[in-house]
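Residue numbers (the working numbering): 3 to 159.
Read the hints as simulated data drawn from the structure, not as lab findings. Hints should not be assumed to be uniformly reliable.
Derived Cβ-Cβ restraints for the label pairs, each shown as a range [claimed, not checked]: (1) A122 to D78: 33 to 39 Å; (2) E8 to D78: 28 to 34 Å; (3) A143 to E8: 15 to 21 Å.
We treat Cβ as the ideally placed atom computed from N, Cα and C, and that holds for glycine.
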Amino acid sequence: MSEAVEVAESVRWAVSRLASRLRAQQSGDTRTLTRVGASVLANLRHSGSLTVSALAGIEGLQPQSLTRVLNSLEEDGCVSRRPDEQDRRAQRISITERGRAALHDHVQEGNRWLSDALEAELTHAEREILRVAAGLMLQVAEHGGQDKAVVGAPPPL
Numbered sequence: 003m004s005e006a007v008e009v010a011e012s013v014r015w016a017v018s019r020l021a022s023r024l025r026a027q028q029s030g031d032t033r034t035l036t037r038v039g040a041s042v043l044a045n046l047r048h049s050g051s052l053t054v055s056a057l058a059g060i061e062g063l064q065p066q067s068l069t070r071v072l073n074s075l076e077e078d079g080c081v082s083r084r085p086d087e088q089d090r091r092a093q094r095i096s097i098t099e100r101g102r103a104a105l106h107d108h109v110q111e112g113n114r115w116l117s118d119a120l121e122a123e124l125t126h127a128e129r130e131i132l133r134v135a136a137g138l139m140l141q142v143a144e145h146g147g148q149d150k151a152v153v154g155a156p157p158p159l
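Generate the whole structure from the sequences, applying the supplied hints.
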């Protein structure tokens with residue numbers, strides 16, 4: 003097995019395990035965002051207003067698959083829609099202040115748990131190494147020829 007394959011396996015396992023632990027920190031409150039809803043809001047916060055097609059590409063979904071999520075987010079006042087200036091048939095989706103607040107609230111429990119775990123388990127130097135590793139992981143996530151402007155935000159774990 004090559005070194006790259008071994009590293010890939012280690013990273014995938016660590017990311018998967020950490021994502022599971024972060025999801026477990028969510029309250030389960032029915033008023034909280036769904037995973038896809040939170041991801042949509044995070045991408046809009048990160049990238050600004052996007053067309054439905056661009057947002058679907060970032061999420062790895064068909065535009066039709068986002069309809070229910072976007073309708074729910076719009077109904078809750080978390081996103082707004084307007085016609086695209088270049089293509090009036092297309093819609094641009096933007097995050098609202100309510101959407102920013104909902105996303106912030108959604109990630110707080112996971113962030114609290116993660117920051118507590120980082121302080122309890124790692125030294126300052128190890129936390130700095132992890133900060134560098136996070137940047138490297140984002141760099142790897144952008145690999146594959148996609149336009150970096152539409153790769154999207156990291157999911158709000």
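Structure-based check of all given hints:
1. Look at A122 against D78: about 35 Å separates their beta carbons, and that is inside 33 to 39 Å.
2. Between E8 and D78 the C-beta distance comes to about 44 Å, which lies outside the given range of 28 to 34 Å.
3. Our hint of 15 to 21 Å for A143 and E8 holds, since their Cβ atoms are close to 19 Å apart.
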